[in-house]
Each structure stands twice: as structure tokens, then as C-alpha cells.
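Since the structure of chain P is already known, use the hints to place chain A on it.
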Amino acid sequence: MRKVENGSKMKNFFSNIGYFFKETILMIRLSLSSNILSFLSTSLIFFILAMVLTGWWISSGVTRAIQGEAEISAYFGRNVDQNGALKLVESIKAIKGVKSARLVDDKEALSDMQKILGKESEILKVFDENPFTSYIEVNIELDSVDGILGELKNLPGIDSVRDNRDVLDRIRSISSLFMFIGWLVLAAAAITTLVIISHIIRLAIQDNREQINTLKLLGAPGAFISFPFVLQGLLMTLGGGILASLLASFVLGQIYARISGPLPFIPLPPAASIINAMFTVIITASAALGIVGSMLGLPSSENR
Amino acid sequence: MINAENVSLRYPDGTEALRDINLGIGSGELVYITGRSGSGKTSLLKLLMGMELPTGGSLTVLGQKVEKGRSSGIRQLRLRIGPVFQEFRLIDGRSAFDNVLLGMRFLDAPGKQMREAAQEALEIVGLAHKISSRVENLSWGERQRVAIARAVARKPSLILADEPTGNLDRENATNILGILNSFRNKETSVVITTHATHLIDPSLDAALITMDEGNLRCERSKTGAK
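Chains P and A are the protein sequences, given in the same order.
Per my numbering, the first sequence starts with residue 45, numbered consecutively.
Per my numbering, the second sequence starts with residue 317, numbered consecutively.
Worth flagging that the hints you see were computed from the coordinates, not collected in a lab.
Keep in mind the model is a prediction, meaning the values are calculated, not measured.
Check the hints yourself; a few may be wrong.
Stated by the list, open to error - Below, simulated DSS-like cross-link-like pairs (lysine-lysine); rule was C-alpha separation at most 30 Å, straight line:
#: 1; chain 1: P; residue 1: 260; chain 2: A; residue 2: 471
#: 2; chain 1: A; residue 1: 428; chain 2: A; residue 2: 384
#: 3; chain 1: P; residue 1: 260; chain 2: A; residue 2: 362
#: 4; chain 1: A; residue 1: 471; chain 2: A; residue 2: 384
#: 5; chain 1: A; residue 1: 446; chain 2: P; residue 2: 260
#: 6; chain 1: P; residue 1: 66; chain 2: A; residue 2: 446
#: 7; chain 1: A; residue 1: 502; chain 2: P; residue 2: 163
#: 8; chain 1: P; residue 1: 66; chain 2: A; residue 2: 428
#: 9; chain 1: A; residue 1: 502; chain 2: A; residue 2: 381
#: 10; chain 1: P; residue 1: 260; chain 2: A; residue 2: 502
#: 11; chain 1: A; residue 1: 428; chain 2: P; residue 2: 260
#: 12; chain 1: P; residue 1: 66; chain 2: A; residue 2: 471
#: 13; chain 1: P; residue 1: 260; chain 2: P; residue 2: 66
#: 14; chain 1: A; residue 1: 502; chain 2: P; residue 2: 197
#: 15; chain 1: P; residue 1: 143; chain 2: P; residue 2: 197
#: 16; chain 1: A; residue 1: 362; chain 2: A; residue 2: 384
#: 17; chain 1: P; residue 1: 131; chain 2: P; residue 2: 169
What the hints assert, rightly or not - Now the in silico label distances, taken between C-beta atoms and shown as ranges:
#: 18; chain 1: P; residue 1: 70; chain 2: A; residue 2: 372; range: 49 to 55 Å
#: 19; chain 1: P; residue 1: 267; chain 2: A; residue 2: 321; range: 30 to 36 Å
#: 20; chain 1: A; residue 1: 332; chain 2: P; residue 2: 66; range: 19 to 25 Å
#: 21; chain 1: P; residue 1: 254; chain 2: A; residue 2: 392; range: 21 to 27 Å
#: 22; chain 1: A; residue 1: 321; chain 2: P; residue 2: 231; range: 54 to 60 Å
#: 23; chain 1: P; residue 1: 66; chain 2: A; residue 2: 485; range: 31 to 37 Å
#: 24; chain 1: P; residue 1: 295; chain 2: A; residue 2: 428; range: 49 to 55 Å
#: 25; chain 1: A; residue 1: 392; chain 2: P; residue 2: 324; range: 41 to 47 Å
All C-beta atoms, glycine included, are put in the ideal place defined by N, C-alpha and C.
Chain P on its own, in the form it takes in the complex:
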């Protein structure tokens, strides 16, 4: 038989693509029920991974957003008049780590709260007069928060200082927890997927060992014999990854709809960017794990 020109092996490979897919589909059909169960298992694993990853990213995004708006409210005594307050503002601006400082009068404070509360702002009408007082809004560099707080408290005229460190610390700890669980689930998903896929490939090799032996006797190269098995692992995990991503994006959409309506002040990162990132990571991870899992299962063909 006439050989093709040098460098045309790739062309030969592509001309066999149809054969490889046909073989892979035949192998999947040969053990349909176990393949369906494995597919559903990998889908579930990737779904859990997708949810944990998105939880991690959202909490990190919220932390970053809150950190970016790090500010301290400094309240002064009633004996401090407008001029005194403006002098305090200038003194605060001189503190190291303070990015800006401005006087917020009681009317603006009321207006801000009305904006935050939205429809719930009706509750403020129970007060006969404005319950809010003037204060100084101080934008800071978060790293300098301890030093700034110390200096503010010692500044004559300043009664009290309120910062959002507690909230930040809580969100930070939630984010760390998600990150820890994320790595844990990522490792668990990787190991479980590798075990499932390599096992499925071993079974497929067992089912097709006569064919493999015949191909070996005909002189088929290892890559030609192995490729349908690698393709099987890849298709199963990739399918599982796609199903998991679709399901996770639906669930994420529902969660966003429930949170962003009643709790508009939580600075959630845009849903679209989270979903895009989740799709990218899950699809890439599923493809990579499918190929590696198949590779792990392949050596069993050498022993038969």
C-alpha cells in the first residue's frame, strides 16, 4: 500500500476522526448504564465544585468591594459648632493614611439612610425630628486603620468613632472558609473524577480487549488504539462539566434574584462575570480531568 508523504500523519489522524468518534460512541453504548451513572456522578461532583467556587468568588468580591469603600464615621460633641467641625476635618485630613475627610450634615445623613433603606425608609417617619446628627466621613487606607482610629479618638472634640471593621472581618472569615472549602472540594472533585474515569476506561478496555489485541497484531500504534478511550473519558467529563455549569448558572441566577432585591446594599459582583468564570474553570477542569483519568486507565490495556 502506497504510503502518504512525510508530514501527512496528522492528515491521516484527522481522516480517522470520524472512526474515533464512532468507536467511542459504540464503547459508551456497550456499557450504557454504568456510563450514564458515571456521567451523572461527575456532573454532581462538578456542580458541587461550581457552587463552592462561585461562593468563594462572591464572598471575595464582596470583601474587596467593602474594603474599597473603607471609611470611618467620626462623631463630634454638640458643643462643636460648624467652624469647629470644619477645623476638625482639616486636622483629620492631616492624619497619615487618611485619603479624604468631609463634613456630612444631619440632613445628608438622613437622606443617605433613606436611600439605603429604599421602600423600608417609611420607618424613619416614626421620628418627630431628624434622628441623625452631623458627622465627619473619613475615607482611609485600610492598612492604616488602627493608627487612624487611635489618633481620632485622641483628637479633642471627637466623641466617638464608628468603623466597619467587624463587618469586614466577618466577611473575610466567610471568604477564607469558602476558599478553604473550595480547595478541599477541588481536590476531592479531582480525585473522585480521576478514579471514576480511570475505572470506566479500565472497564471499556476489558470489554474491548479482543479488539485491542487484534489491532496490536495488525500493527496498530498505541496512540491509534488508545485515542477512542481517551475520547470517551474526555466526552464523559466534558458533558458532566457542561451539565453542571448550566445547572449551577441557573441556581446562581435564582440566588442573585433573591439577594439583590431585598438586600440591595450588599455589593455583589456582577452575575455574568461570575458565571463566565465558573464556566471557564469547570469546563477546563472537566476536560483536563477527563484526559488525565483516561490516561491513568490506559496502562491496563498493556497488560491484556
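For chain A alone, coordinates are given in the frame of chain P:
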């Protein structure tokens, strides 16, 4: 084409399958290896295909040494051999055409040329009308003809047939041997093992090798002279 010097084969369980085999087969020869069951015919063919490796002596097939540590060379050797097995070794669930084509897919030949060769081989063995039939739906004789088509479509330098008539009735067996004989030409040698010596056409210009308990009893006798 084939050169064996003092070749022996001992299986891991200690069975001595072949002892001091000396054999030379040239290009374009038709060779029958005969002998009773267990005489070593199949073991010799396994050595020629690289399915087993000699435990003693030296064996060269198509210029390739058959010995340990030459797996890549043995794979290259197999690409030049057209094997026909007693148990056919066809792939169920595929058509006769797909089975023949499967034997060529990794030969780096153009796809069109492979498909034409597969079609032509099936026509030669008389199965043009069964080209799309699944092999499991074919008769035993037809399956063996598909296996022969798979072997010859590759245009091999050496056809090795191990008891190709073992599972067939007399009429089909004679037919199969006739087909195999017809592929012998200047470039292609044909080696056939069979215990059914009565089926060998005495008018053929073929060499007859008889084996007994792992030894070559008679290295060569012209079948036509019998």
C-alpha cells in the same frame, strides 16, 4: 524473507513448543506447515508474527530481528504482515467493509486509496454483495473470507494464515485455501498452517513443511511431487 537458525521456544510453564528450528523462506513462496495438533505449527506462526519471542536461536522476518527489546520493530514488522487467524478475530458490530478498512487505518495511506483497496479485497474474496453486512451475521466461511480480505487489502509482503480452514466444512475450506494460494506472487509469500493435508491441491508449486513435537520433521517437499 524468513530466516530461522536453531530457534526454540519454551513457554513460561516450561512447555517446550519448538526445538532447534532451522528454516528459510524466500520471496514469492507458498508454504504449507502441517502436523498434528500440538506439533508446534501455531507456535511457529506466533513467532513469525512476533506474538511470542524465541527463547533460543535467531529469527529474522522481513529483515526484522524477532527478539526481546524490539517492540517498535515488531510493530513495524506486523504492518507488513497480513495475518489470518483460525478464530477470524473480526470486530463484531461493524460491517465487513469496516473490518477490512480497520486493518489499514493506521498505515498512513490516503483515505481514498484505503477505501478502494478494502472494496477491491472484498470483491476478490467474493463478498462484494456482503460489503455492508455486519460480520456477526455472516456464515463462518464468509467471516474467514472477510479476515482474508483484511489481510490482503494491506498489500502485505507476507501472509500468515493459522489454520484458516479449522472451523470450515470441506467445500468452504477448499475455497479458502484456493483464495489464499492466489495471493502468492513475486512480492508476497504465503505461509499457511493446516492439519488438513488432504485439502492441499497437489498441483500447486508449494513447499510442504511437516512438524512433530516441536521439531521440523521434513523441512521441505514439493506438494506437486507427492
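Okay, the hints, checked on the actual structure:
no., hint, verdict
1, 260/P x 471/A, "18 Å, holds"
2, 428/A x 384/A, "37 Å, violated"
3, 260/P x 362/A, "13 Å, holds"
4, 471/A x 384/A, "27 Å, holds"
5, 446/A x 260/P, "26 Å, holds"
6, 66/P x 446/A, "21 Å, holds"
7, 502/A x 163/P, "97 Å, violated"
8, 66/P x 428/A, "19 Å, holds"
9, 502/A x 381/A, "23 Å, holds"
10, 260/P x 502/A, "27 Å, holds"
11, 428/A x 260/P, "24 Å, holds"
12, 66/P x 471/A, "26 Å, holds"
13, 260/P x 66/P, "19 Å, holds"
14, 502/A x 197/P, "106 Å, violated"
15, 143/P x 197/P, "18 Å, holds"
16, 362/A x 384/A, "14 Å, holds"
17, 131/P x 169/P, "33 Å, violated"
18, 70/P x 372/A: 49 to 55 Å, "43 Å, violated"
19, 267/P x 321/A: 30 to 36 Å, "35 Å, holds"
20, 332/A x 66/P: 19 to 25 Å, "45 Å, violated"
21, 254/P x 392/A: 21 to 27 Å, "23 Å, holds"
22, 321/A x 231/P: 54 to 60 Å, "58 Å, holds"
23, 66/P x 485/A: 31 to 37 Å, "34 Å, holds"
24, 295/P x 428/A: 49 to 55 Å, "51 Å, holds"
25, 392/A x 324/P: 41 to 47 Å, "43 Å, holds"
Comparing the model with each numbered hint stated earlier shows that hints 2, 7, 14, 17, 18 and 20 do not hold.
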